[in-house]
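2 protein chains.
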Amino acid sequence: MSDTKIYLSEKEIPTHWYNIMADMPNLPKPPLNPQTRQPAGPPDLTPIFPMDLIMQEVSQDRWIEIPEEVRELYKIWRPSPLVRAHRLEKALGTPAKIFYKYEGASPAGSHKLNTALPQAYYNKKAGIKRLSTETGAGQWGSALSMACNFFGLECTVYMVKISYQQKPYRRSLMQIFGAEVIASPSDRTNAGRQFLAQDPNSPGSLGMAISEAVEDAVGRADTNYSLGSVLNHVMLHQTVIGLEAQAQMAKADAYPDIVIACCGGGSNFAGIGFPFVYDNLTKGTKVRLQAVEPEACPTLTRGTFAYDFGDVSGLTPLLSMYTLGKEFMPAGIHAGGLRYHGESPLVSQLYHDGLIEAKAVKQRSIFEAALIFARAEGIIPAPESSHAIRGAIDEALACKESGEAKTILFGLSGHGHFDMTAYDNYLSGQLQDYSLPQETLDKALKSLPKI
Amino acid sequence: MSDTKIYLSEKEIPTHWYNIMADMPNLPKPPLNPQTRQPAGPPDLTPIFPMDLIMQEVSQDRWIEIPEEVRELYKIWRPSPLVRAHRLEKALGTPAKIFYKYEGASPAGSHKLNTALPQAYYNKKAGIKRLSTETGAGQWGSALSMACNFFGLECTVYMVKISYQQKPYRRSLMQIFGAEVIASPSDRTNAGRQFLAQDPNSPGSLGMAISEAVEDAVGRADTNYSLGSVLNHVMLHQTVIGLEAQAQMAKADAYPDIVIACCGGGSNFAGIGFPFVYDNLTKGTKVRLQAVEPEACPTLTRGTFAYDFGDVSGLTPLLSMYTLGKEFMPAGIHAGGLRYHGESPLVSQLYHDGLIEAKAVKQRSIFEAALIFARAEGIIPAPESSHAIRGAIDEALACKESGEAKTILFGLSGHGHFDMTAYDNYLSGQLQDYSLPQETLDKALKSLPKI
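Listed in order, the protein sequences are those of chains A and B.
The numbering of the first sequence is the working numbering, which starts it at 760 and goes up by one.
The numbering of the second sequence is the working numbering, which starts it at 760 and goes up by one.
Any given hint might turn out to be false.
The list makes no distinction among identical chains, and a pair is therefore deemed to hold if it is satisfied within one copy or across any two copies.
To be verified - Distance condition first, Cα-Cα at most 30 angstroms in a straight line; then the derived DSBU-like pairs of lysine-lysine: (1) K1165 x K1045; (2) K770 x K849; (3) K770 x K1010; (4) K764 x K834; (5) K834 x K1159; (6) K788 x K1209; (7) K1045 x K1202; (8) K1042 x K888; (9) K1118 x K883; (10) K764 x K1010; (11) K834 x K770; (12) K884 x K849; (13) K834 x K1165.
No lab work stands behind these hints, which were simulated from the structure alone.
Every value quoted in this text rests on a predicted model; they were computed, and no experiment measured them.
Construct the complete structure from the given sequences, taking the supplied hints into account.
Here is the structure:
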């Protein structure tokens, strides 16, 4: 049997990130200043971001060098393994070849550390002492806490209250790395106090927590804000995943027919996918790229392509993206990282231009896929990542039907060690499917700003 | 800077386990039949173990071949990484070179899968349908559940009741892999019913759970018993750790002055240590080998070298080992995997013969070490593994004092993702040190059987 894991050496960690803005046929429309509704330039962003990241946000250079200090820390877990899923193939009885790129080998447990490290690095370099951010499921907060720890920055994490209560272990993990963790909405910010006035028992949402974290950063000169998804520079940093996967697929003498990843704000999908979009755009390949999202939060498949705010209070610049409306309140599904109303402008534009696909799946079907995967491959996947597994299993079963031996690559963005309550619910039969009612969506879309 | 991680290819997974019984100057005294008190031969063990494992238990062959089916499954995570702890060295300001062998990369989260897989394999080969076992902290139960899943065996785990209640996520993990998990003491066995009659609120202990699991296996022809530590064949299987570490150290052009591992029943210590004892015994090296145990359960440092039972009820053969007495009830420290009254006969004999060292450490000092390590290296270690970290940090600080640049290798046996409650307690200042009072020890030692 061929090797199960395909490793690269540390010398093969990419030296540059790939910037898709150099190659995409249509660039996203520019972000707008939330007050003036005019295109936002770098000066609009300096209150919360360091100049290096702002320049990455607008750069059209194809390759952007990864700082040596960041590459040195990437060595903690990178290059991450690419795994040939021999046992999963056998369990499914499929002629397809299935590979997965495993980002759960990161000490933070997910792909989020790929961007947390450079964000902390550039802020440190700019003289910033403290970062504020939000976290939903906890993956991003864990990663930024760890990155701040490595660069000697303070870190304050506004954690969506329902997660704060349901996931005490995630909170502990952040505290181990020295972060301050605050349940959001909180009384620490004007935004938080407003949300609490409207509903003292609010379970919180990512959009609310973003409002709080942004306000925190705007108010203090020593503090910047850090976002774990959506923005262009975040997509950029994540491309180490796909670049490594390409080198590993080449070592395995394989190339994917389809690349599948879960998609919330888009950073994991962009990370593994954009280098293959590059191949399609510049080398004539025809890789299918599939973003898988929850039916309960179907941003690409049922949202609208429009300008919207990134947060509930309307403090962030307006972004051109697929959105469910900033006031969309997602159901309490267990894939907390996929419960965001918006979508990366880059991913949105590619989807709008027909360069990538999307599909939405039900919650029970993703846990069914997670169990098939865990029992075959041994790894317990995060609920978010299990969306990609569902997509991959569906493709593999279609191959079984058609007899085609396609090569499937999917991104396994993280492990589920802090999501065992979700598995408990599934195993005990308590987990419910939830599809978004059209009237709820229509109502949320009314919160879209008029441009 | 030199590479952080030193990998081997899957082809470099050892083909044979190392059996220290071929080389140790004095073999342990033979196990005794619990009824007759006469040396127990293979026939005494056939009710609960398959013949292949029984033969490994008594073999004096130096190298025992690893079955191809087991090596194939080892590929899920083996060869495990050897890591040069550059950042930990820097944080300590030590001239020492620190390496650690990371077994938490296993999907079960610890080194336990190294022996769970061959045990499940040999039982399957012998026609057994079901395995029973016990688990304390949950590491062993997780590993055996996963191994049984891979080989299509049923698995019943008697989980120490206090762990069952405190660690629901460990239970979920076992259930994901299809195991039946029962809080021990339970009403499923005579032994369990007796313990409950004595104390309906008993928090359980490993010794009690072993009694239940052994009784379960003795009573059913389709069922064998499986033990995650102590026995010779378990030590044997774990030697893949040390054998890989030797190949990796050679790649890094290094050789350890001291090898450090935590030590409960002894399997992790034996795994990384025995191949270096082999070097000492046959190649003239002088590697120090240090077993680190909790002050609350100081089997080697304060126990007695004598024949004792492996379980509370006296169902198992009597083993020649360091023991605190089978009725020893350990304090509720968080290193659940190190709360066993006995010690591997092989490790015990080597310690008795002065071929290895041991030291005991306090609980708060191991969490202090764990935090230093996590913040430097990014990995949150299991409380058990943190005993080895404490040992390594102490050696590294001694080097700082003396100016010596020793090479330190320690075994990081597992991650702490399912032990966050312990970290919470430490961070909130609630964690207490506990040293075993002499009178408690004296009382427990009275339970030693008369031979």
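How the hints compare with the structure:
1. K1165 x K1045: within (13 angstroms within a copy, 55 angstroms between copies)
2. K770 x K849: Close across copies (22 angstroms), not inside one copy (34 angstroms); limit 30 angstroms.
3. K770 x K1010: Cα proximity of K770 and K1010: in one copy and across copies (15 angstroms, 16 angstroms).
4. K764 x K834: Intra 17 angstroms, inter 7 angstroms, cutoff 30 angstroms: intra and inter.
5. K834 x K1159: between (38 angstroms within a copy, 26 angstroms between copies)
6. K788 x K1209: within (16 angstroms within a copy, 85 angstroms between copies)
7. K1045 x K1202: Cα proximity of K1045 and K1202: none, with 38 angstroms in one copy and 74 angstroms across.
8. K1042 x K888: neither (44 angstroms within a copy, 54 angstroms between copies)
9. K1118 x K883: neither (39 angstroms within a copy, 42 angstroms between copies)
10. K764 x K1010: The answer is both: 11 angstroms in one copy and 20 angstroms across copies each meet 30 angstroms.
11. K834 x K770: Result: close both inside a copy and across copies, 9 angstroms intra and 23 angstroms inter.
12. K884 x K849: between (50 angstroms within a copy, 21 angstroms between copies)
13. K834 x K1165: between (32 angstroms within a copy, 24 angstroms between copies)
In this structure, the earlier hints numbered 7, 8 and 9 are contradicted, and the remaining ones agree with it.
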